[in-house]
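Chemist: These protein sequence lines are chains A and B, in that order.
Residue 42 in numbering that gives the first Met the number 0 is what sits at position 43 of the first sequence, and the numbering runs on without skipping anything.
Residue 24 in numbering that gives the first Met the number 0 is what sits at position 25 of the second sequence, and the numbering runs on without skipping anything.
Please keep in mind that the hints were generated in silico from the structure rather than gathered at the bench.
By construction, the Cβ of each residue, glycine as well, lies at the ideal position given by its N, Cα and C atoms.
All the given hints hold, so there is nothing to weed out.
Here are some chain B residues pointing at chain A (derived, C-beta under 10 angstroms):
{"#": "1", "residue": "C77"}
{"#": "2", "residue": "L79"}
{"#": "3", "residue": "W105"}
{"#": "4", "residue": "P127"}
{"#": "5", "residue": "R130"}
These stretches of chain B come out as covered by chain A in the derived footprint (C-beta under 8 angstroms, 3 or more residues):
{"#": "6", "stretch": "20 to 30"}
{"#": "7", "stretch": "52 to 64"}
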Amino acid sequence: MSQVRELETTVEELKHLFSPRAATGETMLLNLGPQHPSTHGVLRLLLELDGEEVVSCIPDVGFLHTGIEKNMEAKTFLKALVMTDRMDYLNNMGNNLTYCLAIEKLCAIEVPERAQVLRVICAELQRIASHLVWLGTSAIDLNASSILIYCFRDRERIMDLFELIGGQRMMTSYIRPGGVWRDVPAEFPEAVESFLDYLPKKLDDYERLLDKNPIYLARTIDIGIVDGDEALAWGMTGPALRGSGVNFDVRRAMPYSGYENFEFDVPLETGCDVYARYRVRMREFRESIKIIRQGLRLLKPGPFITSDRKFAPPPRAELGRSMEAVIHHFKYWTDGFPAPDGEVYVATESPRGELGCLLAGDGGPNPRRVHFRTPSFNTLQVLSWLGKGYLVADLVAIIGSIDIVLGDVDR
Amino acid sequence: MSHLERTVSALQVRFPHGVLAAVEFRGDLTLQIDSASLLAVCQYLRDEPTLAYNVLVDIGAVDYSPQEPRFALFYIVCALVHNTRLRLKVLLPGTEPVAPSITGIWPSANWPEREAFDMMGIGFDGHPDLRRILMPADWEGHPHRKDYPLGYEEVQFTFNKREIDARKKYATS
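Bound conformation, chain B alone:
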């Protein structure tokens, strides 16, 4: 039994309602996790000595618009000693997408969560410093959302802000 299989069965036993699905695609396993139990799952993954997922590799946000639930967060975690990687997927609704922040478990979640907030408009409950990171602090809208227009856009400066603002389509919220 590989470490990955062990992880999946341990999680399914421990969180029967938290683990919603296990999907394999191109040889990679993705566990769909209920956002309410994400924190507990992550804590368990890190602290259970037999699992030992000590590294958070990345957080990626995907917009599935117009599907609902609209957003997905992908958490890639790694158990370095076992050389195992696991992908967690959390689905979030289109209106007010908020996920719990896992910065308390893996500090490296700090900037990736800020990026998801900045570019996708996903909130993170309990994040210590949730500010925009790549876009300017006074930017409006979230550029990676599918309803955010791409290209052929005038650049906004102070002298033409009002004029452009009036005909600009912003992503909701």
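Bound-form chain A, shown alone:
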């Protein structure tokens, strides 16, 4: 009984977001989602429709909220790391990286050269994997159904690479504060190289599948126009912003993890539409391949994690010989390490845009507050006005083009 009343007040509360025509029944209110394959997860859109035309669109998020930020406060810095994998489930390595960079900045930890290069390789492999999922799913939204299977087949090879280095396909927690979990196996560079040789030809095929498909072109060109200033004002970042001609890439603007040593282009398109965002991501595939190839060349033997025993465990072999190593080992895994009282913000370029981490320490081994600035959360705001005037089918194309991950939105 009480629940019915609550639901009524919710509709009443949202009244100001609809046009007055909704009250008279002239336009129709329709739920798109939360359980709908083309919303890429559990996104609910409250649509006001005039025929098939969208009059207003209210995004409703939070269905995948898991309290990750709150949970992290109750764990030590290291134990909280495993939660970051689960945020944006297509950018696990990138989430690890962002969080670890924040810890390293807060505690002033030096990261060895080899670890930095490994991190870049992992982040770029992850970008390719994420873009492959995006390519497949956004194309199937527009009924280009065969491409999905191909993309997932190729992504599987990246998952195999991650399994090779981290023992896990997705939730690797491979990147750790101070470096990476362990060194890559000897066959890793060769395995990556063979994947990089395999991918470009496939990408050309996928591009031909879509670029020569008149239906795909008709459904993407001049749909979902966001100009550069609007995109910036509404907090868009990443490929969606670069599809509107704004040259902003965190890897360029604020290089981290040694990205300044890599040569790559930031693809820009000026179409401002769904097709432009598609073009940007297709070109980013090639840039990522370029970066990984350079990374493999830069990969020199050396330590893979910091030798500061406060922030990284001692090698297993030392435990039998050194008393200090045993103490460090014990303290590291039980107490964790304390971080100073202060706040830092770091940002990385996730496949979806700027992924930031605001980390506040309180002098103890637990974070006072971890806040993630997630690209999907900020980008999704544009949907409150971007869909207006388009058809419902176009709205689906727009959602696909801004590439949201609901785990990233809701955390």
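Position chain B relative to chain A; hints supplied.
Modeler: Quick look at chain B alone, frame taken from chain A:
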């Protein structure tokens, strides 16, 4: 003189009472701003052509309980052409924390402010649509506050709501 230094001195000249402190930590500059002058500072940062802070990157809320003032809002703003970032910090009291909404200056503040309202219970004056965003509309309490219990909590459904409600510790307000 870097763009950041220029910004800080311009703000200190223009708002002698609005800029309370400038703190540098790990190479990042944080300006503590009086909440009463936040709107004017943000407007100036965006509209002054020599400063040109055209992007609001993020708003993050931190609970410093039991310290007083208890809450802090961090605004990260960015001048894209100068590639400069500045962090503004606004301290808010534990009882009835309210900050002015900056959605009129940067529309992208809309959802981050709703998130801070939902999770920390911070009000935003002048926000066009201040509703809960991540938690359900009928949720009580603000989960990111330090006095909100974490873990080992029964999940509330309609059939056990009253029973759980009776022994649940809610954050104040």
